[in-house]
Amino acid sequence: MLAGRLGNRRVLTAVDAGAAGLGVTVGMPVSKAQALVQGLRIEAANPEADQASLERLAFWILQRIAPIVAIDPPDGIVIDSTGADHLHGGEEALLEALTGRLALSGVTARAAVADTWGAAHALARFGGDLHAMPPEALRLPPATVAGLRDMGFATIGDLMAAPRAPLTRRFGPELIRRIDQMFGDAAEPIDALRPPGLIETRRAFAEPIGAAETIARYIGKLVVALCAILDERGLGVRRLDLICHRVDRERQTVRIGLAVPQRDPQRLTRLLCDRIPTIAPGFGIEIMTLTATITEPLAARQTSTLAPEAPDLSGLIDTLAGRVGHRAIYRIAPVASDVPERSVRRIPALSEPTTEGWPDHWPRPTRLFARPEPIETMALLPDQPPVWIAWRGIRRRIKRADGPERIFGEWWTREAERIAVRDYFRVEDDAGERLWIFRAGDGEDAATGSHRWFIHGVFG
Amino acid sequence: MSAPFSDPALAALRHRIAAIEGGHGPPLAVLPFGVSELDCRLTKGGLALGCLHEVAGGGNGAVDGAAAACFAAGIAARLPGQVLWCVTQADLFAPGVEQSGLSPDRVIHVEAGDDTAVLACMEEGLRHGGLAAVVADVARLSMTASRRLHLAAKSTGTTGIALRRWRHHAEAADFGQPTAAMTRWRVSAIPSAPLPVQGVGRARWLVELLRARAGESFDIELEACDGTGHLGLPADVAGGSAATAGRLAFG
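Sequences listed follow chains B and X, in order. Position one of the first sequence corresponds to residue 136 (the working numbering), numbered consecutively onward. Position one of the second sequence corresponds to residue 96 (the working numbering), numbered consecutively onward.
Please keep in mind that the hints were generated in silico from the structure rather than gathered at the bench. A hint or two may mislead.
[As the list claims (entries may be wrong)] Cβ-Cβ distance ranges computed for the label pairs, FRET-style:
{"hint": "1", "chain 1": "X", "residue 1": "H325", "chain 2": "B", "residue 2": "L239", "range": "42 to 50 Å"}
{"hint": "2", "chain 1": "B", "residue 1": "R481", "chain 2": "X", "residue 2": "H325", "range": "25 to 33 Å"}
{"hint": "3", "chain 1": "X", "residue 1": "G322", "chain 2": "B", "residue 2": "A471", "range": "14 to 22 Å"}
{"hint": "4", "chain 1": "B", "residue 1": "D518", "chain 2": "X", "residue 2": "P291", "range": "15 to 23 Å"}
We treat Cβ as the ideally placed atom computed from N, Cα and C, and that holds for glycine.
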């Protein structure tokens, strides 16, 4: 647990789960906690270091999640996800990806999406209905909160119902401002984090611009300026953010990612200009900034005129990614697994070739269904293929068949698969269609599967 | 087929037609299938490269597109370079495609939301010029869209294959609509070669060339792509009886 100074008292500022279980709480004087529990380990709090690490975390989020990120001291980070959530497949997916990745790096985080900073702040910390939240959710100084409690205001809903003028006289304008900010009645711009050393170009316009051609022209100028800086430092850009500040203080952002580091102005301009339709200029844009959020060293490469070079596909991949998203472009790589649906995984399109392949001794279908479809069958003996199958209401007579190919469950991945078995058959019906069907179970022991039949794929 | 080519009047006419079609630039290269019975019936002795081609499955293949995918993979496998494969539903099974000769290292998959996006991605791929071939699973292909794709393919010499695949059988009638594609193929699975023992033999297809610009349509029974993407001519069609061929092959 951490202890810091508040006025002339030493109080606890942070408590871990073990200490909290013993009844120690944040805000308790150190002497009281020591009297309560023997052998507490107390470290001095270091707010500057906390702030610095919070900034590092915010920068990490800036690079990976969204172009506008700021720290919300003492313990929060606020993200403006406008223009970035589609890269992650929507707001919910973004939240999930964010908390998941933070958890992987050992950071426990609570996250919420809301229309305003105030509401998101409150939802992440308290959850539930905004009106039912305690006044602490309003980001007010502790003295104000204590005063509100003394006056009997237990929830934000109570505050909203009370007349505003007396509240302002009693607590100052801060209280009402925070309420308005929470419900979106007052603007609260996010002062985006700009770490030192970030490569950025910026252009302010005397007259606000709005036409697509004008935006495209200035994007071109910004990109050229940015590429000049990158060239000087020998860097290439992997992630590029274009932020358009509108006259009504709204911000429009465009973020593009590149598969390999780039500093070719033409290519970057084209990628950005492809996304102009997503920018809503409103009453006009007064400032445009272009930021190279992630950069990587990019040295000049020696080319050979003798040996023909493999064509560079990174430009195509980036253009397509702008259209369908990065996740929708992939190559398939083999996985050492006999279970068909687990034998493939997706890798980035420009990864190194994976020389190994799949074992070639059994034919595999060209189309594999996302989930096997149940079929009706009639099989004479457990080891034999069915005589007929009925799939999607159509009955087919089986003329020829290969099998069974027995695939055992992967007992090391899931308990349920410990003795599971699938018997695959490649069957051909009288029309010549070749299908891949299997029986869940070995045909004798009921513990190995349900003994129902499924179709899993179609051969060419 | 050799007689018409030697006729100077016909040759001059072909030149004029090519000029009208906008055949500036280098003459189209061809990719022979390696099956002489098939190649000799194609205009230049193979599949024209740098063009748009259409492939669809017959019967249930119009919906699952499995045989058509193998046919397209076999063509792409025999061209050098990377292949872009655009789909709306990702049910292509890479180990199966590899058995048609197209290794997973050579295929870049693009999963687009709808047909329009698939066509846009396909055009982007064709215009890039660094790819060997672009394959796209599409249902609807209008004259305008196909013309765009064909021109894009021509401008870079990349071969485009529109794998026509519909959600329902009823929509497959769409395959009769004209498009700007160079050739239109239908590949249907038919019963495999009988084996002297139990089991499924090498897959066989009925390959129909339904439409070809400056060429005649025909159909032929072929054996499916092998591990290098080559089609085969069934032994019984080639002259020898199937039973003899089977005995030779399987001892």
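Quiz item: Against the structure shown, which of the earlier numbered hints fail to hold, in ascending order?
Solution: Violated hints: none; all satisfied.
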